[in-house]
Amino acid sequence: MKIQEKQGKVLNFFLYTCGFLLLWEWLRPLKELTDTANMSVFIFFLCLAFTLAYLNVHFFIRTGLKLLYVFYTLNFLYFEGSFFRFKWLVFLFQDVRENMSVVFQGDWMELSDSFRSLLFFLLLALMAYLLHYWLIQRKQIFVFFFMTLVFITVLDTFTPYEAKGAIVRSVMIGFVVMGILTFFRLVEKERVQMQAGFAKKWMAPLLVMTCISVLIGYSVPKASPIWPDPVPYIKSYSQGSGTDGSGGEKKVGYGIDDSKLGGPFKADNTIVYETEVDSRQYWKVETKDVYTGKGWISSVEEGERVSFDQNENFPIASYTNPNIKTEDRTAIIKPVVNYPHLIYPLGLRSVQNDSQNTFEVDLSLEKIYTSNPIDGPGIKEYSVEYANPKFSVKSMMSIVDNQHPELTGEFLERYTQLPEELPQRVKDLALELTKDKTNWYDKAKTIENYFDGPQFQYDQKDVAVPSRNEDYVDQFLFETHKGYCDNFSTSMLVMVRSLGIPARWVKGYTQGDFRGLGDSGKRLYVVTNNNAHSWVEVYFPNIGWVPFEPTKGFANNIQFAYDQVSQNTGTDVQQTPQAPKVEMPKDEKKTASAKKSSFSWKETWSNAKDFLNKYWYLFILALLVIGFVIYGLYRTRLKWLPCYYVYRFKRRRKDEDFPAAYFTLLNHLNRYGLTRKQGQTLRDYAEYVDRYFSSEEMGILTENYERYVYKGHLEKGTWEETRELWENLIKKTIA
Amino acid sequence: MTQIQMNPTIERILKNIDKVMIGKRNVAELSLVALLAEGHVLLEDVPGVGKTMMVRALAKSVNANFRRIQFTPDLLPSDVTGVSIYNPKEMEFQFRPGPIMGNIILADEINRTSPKTQSALLEGMEESSVTIDGVTHRLEKPFFVMATQNPIEYEGTYPLPEAQLDRFLLKMKMGYPDVEEEMEVLSRAQKIAPIEELEAVIDLGELRALQQEIKQVTVDDMLKRYIVDIANWTRTDSHVYLGASPRGSIALMKAAQAYAYMYGRDYVLPDDIQYLAPYVFSHRIILKSEAKFEGITAEDIVHRVLSRVPVPVQRLVK
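For the protein sequence lines, the chains are U and A, in the order given.
Going by our numbering, the residue at position 59 of the first sequence is 68; the numbering climbs one at a time, nothing skipped.
Going by our numbering, the residue at position 269 of the second sequence is 479; the numbering climbs one at a time, nothing skipped.
It is worth saying that the hints were derived from the structure and are not from the lab.
Don't take each hint at face value.
Said to hold, decoys possible - Simulated restraints, written as ranges between beta carbons of each label pair:
hint, chain 1, residue 1, chain 2, residue 2, range
1, U, N622, A, R435, 24 to 32 Å
2, U, S703, A, D228, 30 to 38 Å
3, A, V256, U, K686, 31 to 39 Å
4, U, S703, A, Q422, 37 to 45 Å
5, U, K210, A, Q422, 42 to 50 Å
6, U, K686, A, R457, 56 to 64 Å
The structure presented is a predicted model; accordingly, all values stated were derived computationally and were not measured.
Ideal Cβ placement from N, Cα and C applies to all residues, glycine included.
Isolated chain U, as found in the complex (with noise of 0.2 Å):
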């Protein structure tokens, strides 16, 4: 009985810590996510309550302590004055009493924070009970553990709270707590006697195999989830898709945050513009120029805008020499979603429409708005004269550096902006792409048709959304090779600017679906979310922005001259599909040992795993032969045992040595095959034995035995006299 209830003493005190660190669990994300300071007090006071709770400290004194520190906490947090003057208890009751009121009225955001704090504790108070109760009177905890993950994965899943961490302790926590639990709901079914160091013999390997299928499923590459993250789909499916920009992240369209890429995505048929133009090219929206390692964003946040009326030029000038060959062209575009911002092809001169006259450019952004308000009617029709240009591949092959008075620093500063953060394999490997080439056309190309290299896939679905410490290009440029365009055009815009070269995100949409001729006898497309698209411009000087497309199966609507390379002008240019054979950089790890060279657990874990990527053939062998040797004497342990056990026991003389060798002694005859039944006596068995063995030995040694166990009485010797038989026995067993 007293073993039974210290046992039970110690698994409770595992149990109250157990849901004690569960209900912390709930806590946790409050600091982050709403405004609640001083969680610590929190805390403290469900340490305190679960304390009491294991103690078993009388319900009075128990219900005393707690209330003497709940209106302690809130003396120290909102009144002023001594504790023990009592006036401020006046002031505390006048709150409760006014706070009331605004309950009743339902006025919940009238509530005072020292009132909302008074009904926490309570709530805390009534949570700690409730544990108490699942814990130590049912015995059941799974639903609370099950709430628990489903909140926490909920949390993970529509707030920024980052449960990475908290799923992985409460999981352990709750699989500690339903395993003592089971101990207890087993004892108690089965009656069994709880005998010493039941508790251990439970606990040791509840705690190993928590501890190493956490570890294993910690350590294990996880695959990326094969549904698209419903949250956006939830947004977007209560919002209404399309309406406003930035609902929908990840569904395919338009959206303006673009400072976390990555990530799968759906897509989406809503049209959202039906053009007529004469020849098809890609649409732009905006373009952004700073890289953050994650995505993109704008240098500014608001940029100047400039209006103009439709007579008037665009205020940007597409080409900074006159020269540029153009084809005058228009086109019309009836834009089916109301978006506040109109979509326009390369060379943009002016835009028309009938019922509005002005409209405004971000000058950063190149971003050209509707002077509505948002949620006003958009425009139904507009129509854009714009000069399409034939560049001329050779005055861009001219341009070798960046000494140009076109390039000022301020300029280049802006447009080869590159996070600090970004690793070097990734220069290292622009550099190696483009070493035997001179000019700045020749390694924007090289980079262009290098993401046409079998190694990369155009995918929307298995797309990876970089982790913490993760660069977005690099993890597409040397792991992952999966992406859509904004991977494509990011890659290469960062592999770009890295050599010095001035390149800019373009957001925008493809030419979009042909549907036959418009009404103007000019060819209509249909623009659908799933034809948003992001490619790259790089800045010439004397020509300006050329774009660039190294999307994978993209191809931009934009003529090249190749004066003397090539006498097909005017057509498209098909890329050229072979892309330089590319060694990988080698060295990169050692530049990121050399970076860092103090100890860190990262390193050591990255260093592992370098290690097993390497050597992984010579791992799962030794995990195989070791696996076969456990195996093999496993299967031989009958032949082993015994003379193992006789070594064990040479050296062990004292007579208090005897019961240990007998229960020794009956383990392995049950593994030798002659079982003890559960009712079975001992000397029942022991007839049978040696009835089995045509033996006397287990008789006398259970005689002994008996006396031992059923009379508490060892005499003296009894180990020296039997220790022969006993040895007889175990040997007996191999024969």
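Got chain U sorted already, so can you dock chain A onto it with the hints?
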């Protein structure tokens, strides 16, 4: 297996009984267990298998005062306990003790008499005293009742109520002797009845001393727990309407002590408990009628429980 050495005194008594009883060693042993544990025995069997002979031999062996009560439907309580009769010579009432005032009593066919008379005997068994006309008469120790009853299927019987069955330490069956034993019985029957020649092995004082000694036999806490577990399991068995009572647990422990002593041990083994449990528990368990229809007996239940309750084989560490 080691030679089982019985307690020499017990061995002599059993040998003595053996002289008149052929076979039936286990019945003799169990009767002796009940006598030593200061309990009573209920023998359930058909007439003529040697129940009376058994008790008489036992009584003679311990030199006890043997009485026999033949229960009939018209027997009155006073016929059992005794009665006060007016003695005109002494001018006062004089108590004439009934047959219950003996040491070893054979209550033959106890289920033939009315419950009133039955209870007079059973009360004496429980209290070790009888009260007649307001005077309490203590019964001399040792006081041992061996009641026999015909199987209750027979007509004209008053089955003993459960509460009263609980007062018997053991219930057993005698059973018929096998062919050779029965032939031996016939052979002996040709000579003079050997029971008359039986000599006492010990006297009552020695018997009382033995009874005291038995109380010193060690029952480890583990085994007490084992007994309680067995009793508990009979209570929760799905076929059982009413399981073994705590009095049953006490009975099992006492019987086990006596049995261990008989076999020359001063400590009880689980084997003792397992051997005795069916005799001690089976008449204390009331089965559900469904179970009875299925042909399950109380003995089956006890055996099943015994095979399931784990035997304690490891000392609890204190």
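Results of checking the hints against the structure:
1. N622(U) <-> R435(A): 24 to 32 Å: Hint violated: Cβ distance 58 Å, outside 24 to 32 Å.
2. S703(U) <-> D228(A): 30 to 38 Å: holds, 32 Å
3. V256(A) <-> K686(U): 31 to 39 Å: Given range 31 to 39 Å: holds, Cβ gap about 36 Å.
4. S703(U) <-> Q422(A): 37 to 45 Å: holds, 43 Å
5. K210(U) <-> Q422(A): 42 to 50 Å: holds, 43 Å
6. K686(U) <-> R457(A): 56 to 64 Å: Once the Cβ atoms are compared, 29 Å apart, the range 56 to 64 Å for R457(A) and K686(U) is violated.
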